[in-house]
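Protein chains in written order, with full-length UniProt numbering: chain V, 1 to 158; chain U, 1 to 158.
Hints were generated in silico from the structure; no laboratory data involved.
Predicted model only: the values in this text are computed from it and were never measured.
There could be a bad hint or two in this list.
Which copy is meant is left open, so a pair is good if it fits within one copy or across any two.
Pairs of lysine to aspartate or glutamate, EDC-like flavour, derived with a Cα cap of 20 Å [claimed, not checked]:
1. K103 - D82
2. K6 - D72
3. K6 - E46
4. K6 - D120
5. K6 - E93
6. K6 - D66
7. K6 - E29
Number of protein chains: 2
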Amino acid sequence: MLTIGKLGEAAGVKVPTIRYYEQIGLLPEAERSSGNQRLYGRRAMEQLAFIRHARDLGFTLEAIRDLLSLSDRPDQSCAAADAIARAQLAEVESRLARLIALKAELERMVVQCAGGRIADCRVIEVLSDHSLCAHDHLSVPKSVDASLALPASTSSSN
Amino acid sequence: MLTIGKLGEAAGVKVPTIRYYEQIGLLPEAERSSGNQRLYGRRAMEQLAFIRHARDLGFTLEAIRDLLSLSDRPDQSCAAADAIARAQLAEVESRLARLIALKAELERMVVQCAGGRIADCRVIEVLSDHSLCAHDHLSVPKSVDASLALPASTSSSN
DNA sequence: CTTGAAGCTATAGTTGCTAGAGACATTAGG
DNA sequence: CCTAATGTCTCTAGCAACTATAGCTTCAAG
Numbered sequence: 001m002l003t004i005g006k007l008g009e010a011a012g013v014k015v016p017t018i019r020y021y022e023q024i025g026l027l028p029e030a031e032r033s034s035g036n037q038r039l040y041g042r043r044a045m046e047q048l049a050f051i052r053h054a055r056d057l058g059f060t061l062e063a064i065r066d067l068l069s070l071s072d073r074p075d076q077s078c079a080a081a082d083a084i085a086r087a088q089l090a091e092v093e094s095r096l097a098r099l100i101a102l103k104a105e106l107e108r109m110v111v112q113c114a115g116g117r118i119a120d121c122r123v124i125e126v127l128s129d130h131s132l133c134a135h136d137h138l139s140v141p142k143s144v145d146a147s148l149a150l151p152a153s154t155s156s157s158n
Numbered sequence: 001m002l003t004i005g006k007l008g009e010a011a012g013v014k015v016p017t018i019r020y021y022e023q024i025g026l027l028p029e030a031e032r033s034s035g036n037q038r039l040y041g042r043r044a045m046e047q048l049a050f051i052r053h054a055r056d057l058g059f060t061l062e063a064i065r066d067l068l069s070l071s072d073r074p075d076q077s078c079a080a081a082d083a084i085a086r087a088q089l090a091e092v093e094s095r096l097a098r099l100i101a102l103k104a105e106l107e108r109m110v111v112q113c114a115g116g117r118i119a120d121c122r123v124i125e126v127l128s129d130h131s132l133c134a135h136d137h138l139s140v141p142k143s144v145d146a147s148l149a150l151p152a153s154t155s156s157s158n
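Just need the whole structure built from these sequences, with the hints factored in.
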């Protein structure tokens, strides 16, 4: 039986994050020691590693919740898990496409900045005048839009 | 003079977002009509477009605040603006590298999912067992870590 | 003149944590 | 056995960058 600190160390998740996962019901309530401290066994360890790994891949906590409940029913079809993973892949691809466009534009801005005065600065200029910029709106369909952020991937280590 | 709704429409920014920008001091306080409604002129329009565009490129509000104050002093060197843009480019590049790795792994997961039972599901399996996965930790140095999210880019339209 | 859209303020919610305060538990050293 | 240093507990508040809600006032059209 591990204390929360050891578990966090082992799984590469910070202690408050583990408590947070329990609080939102992503992890089951832990057993407690006589002194009211959380104790974890092998099962909790595996589940936390699963969560950590899925977060690393950019899955939302909601998606992970779904995946966990799926993995509790090993006899069902894995179509649902597949769908979740495919959706995640689609999101990543869309973020990727957008980031590539951003990179191109930032590079243009930076390269063209001759190091002169602000008044001539290409960076400020491009930001000020949309028509100077390559992509004509960068507009992303509304449905995809909320998905542009990658959930920050929990800086490894406890 | 435009009302807030027209301004938002013109700049592609939602009305509450404009008020939010004013609240946090990113936009100056707007003039008011006799009936206490905000009125905007050409200057505000340009500034909002600048902000919108910079947000599209993934700059944080803090970075934008800096860029705006720079653009108010056109005689200064543009080295600072250049530095901000370069930092942003570096961030985008790091997110990009990571997303590419994620995409590869998700593709592997999805392709290998044969559509059978959960018990054999490659998706669940890979998530459960870190050793099955290609990247050996995906660990990002702490300093870069907070920067993985792209700030969601304000879904165009008002 | 009335109705409906658009505006106002203020507050709370979102996601996925992270940080702090103040109190109790456990463990290592002397 | 005592003490000091950690570790853990709960609870609350904070971060970015908005978004949504409630309950009100103002405005433009018919």
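Now the hints, each set against the structure:
no. : hint       : result
1   : K103 - D82 : between (31 Å within a copy, 15 Å between copies)
2   : K6 - D72   : neither (25 Å within a copy, 52 Å between copies)
3   : K6 - E46   : within (14 Å within a copy, 54 Å between copies)
4   : K6 - D120  : neither (56 Å within a copy, 31 Å between copies)
5   : K6 - E93   : neither (36 Å within a copy, 34 Å between copies)
6   : K6 - D66   : neither (27 Å within a copy, 42 Å between copies)
7   : K6 - E29   : within (17 Å within a copy, 51 Å between copies)
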